[in-house]
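> The residues making up each chain are set out below.
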Amino acid sequence: AQSVAQPEDQVNVAEGNPLTVKCTYSVSGNPYLFWYVQYPNRGLQFLLKYITGDNLVKGSYGFEAEFNKSQTSFHLKKPSALVSDSALYFCAVRVIPPGRGSTLGRLYFGRGTQLTVWP
Amino acid sequence: DGGITQSPKYLFRKEGQNVTLSCEQNLNHDAMYWYRQDPGQGLRLIYYSQIVNDFQKGDIAEGYSVSREKKESFPLTVTSAQKNPTAFYLCASSPALGGTGELFFGEGSRLTVL
Chain A
1 AQSVAQPEDQ VNVAEGNPLT VKCTYSVSGN PYLFWYVQYP NRGLQFLLKY
51 ITGDNLVKGS YGFEAEFNKS QTSFHLKKPS ALVSDSALYF CAVRVIPPGR
101 GSTLGRLYFG RGTQLTVWP
Chain B
1 DGGITQSPKY LFRKEGQNVT LSCEQNLNHD AMYWYRQDPG QGLRLIYYSQ
51 IVNDFQKGDI AEGYSVSREK KESFPLTVTS AQKNPTAFYL CASSPALGGT
101 GELFFGEGSR LTVL
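Going down the list, the sequences are from chains A and B.
Residue 110 in our numbering sits at position 110 of the first sequence; the count goes up by one each step and never skips.
Residue 52 in our numbering sits at position 52 of the second sequence; the count goes up by one each step and never skips.
There's no promise every hint is true.
Said to hold, decoys possible - Straight-line C-alpha distance at most 30 angstroms; calculated DSS-like pairs for lysine-lysine:
| hint | chain 1 | residue 1 | chain 2 | residue 2 |
| --- | --- | --- | --- | --- |
| 1 | A | K49 | B | K71 |
| 2 | B | K9 | B | K83 |
| 3 | A | K77 | A | K22 |
| 4 | A | K49 | B | K83 |
Because the hints were derived from the structure by calculation, they are not lab data.
Between the sequences and the hints, there should be enough to build the whole structure, so can you do that?
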């Protein structure tokens, strides 16, 4: 079964400090990995994705993520946090298994990590 | 501007009533999805559709129904059979069910059962 884990429900950092939001995954094929951000009472916004190639992926608003195949992780990072980065962050994985199936292309989401950046 | 429009933003319902949430997209996407979001539980897939007149159950389809009569539209009905319908509902679309594309989300509809 495919799954995504975000081990921290909450991450607190001071403005200007680096931030990391952790994500690990368990899949039976090659993963496509995504990060989304959600502000209160809003929909999810796409931040970045890893499909193939360079393990370090750069995305919107200065965020980046590092794909680590051996550790099955895809942690979200930012060198210098802003108060406006405070939001709920979701990691997601899609697996394209050999052949076709009813779950082809489905995204599996983690439970989310609430990031709070203190001024 | 291209995007996904969900309506209404807020909805109140009495127990025993059915309610329909609207989702319209003008992105020309084939695949559309409905997710339910509860605090601390992340997003759970209710239904998805990869083509007109075809849809599949997700992980928590009981008490919900959908239709896909037009490519642009994927309404969700929350029926009286759904035992705990109070939640935030998110509609999404993508170019296709598979592939490398990300999902595009609407702004959500918050349903409260009184």
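> Run the distance test for K49 (chain A) versus K83 (chain B): straight-line Cα separation, threshold 30 angstroms.
The given pair, whose Cα atoms are some 36 angstroms apart, is violated under the 30 angstroms limit.
> Straight-line Cα separation of K49 (chain A) and K71 (chain B) no greater than 30 angstroms?
With Cα atoms ~26 angstroms apart, K49 (chain A) and K71 (chain B) stay inside 30 angstroms; holds.
> Take the C-alpha atoms of K77 (chain A) and K22 (chain A), compute the straight-line distance between them, and say whether it is at most 30 angstroms.
9 angstroms, holds
> Take a quick look at whether K9 (chain B) and K83 (chain B) sit within 30 angstroms of each other, Cα to Cα.
This hinted pair holds, its Cα atoms lying about 21 angstroms apart.
Comparing the model with each earlier hint shows a violation of hint 4 alone; every other hint is respected.
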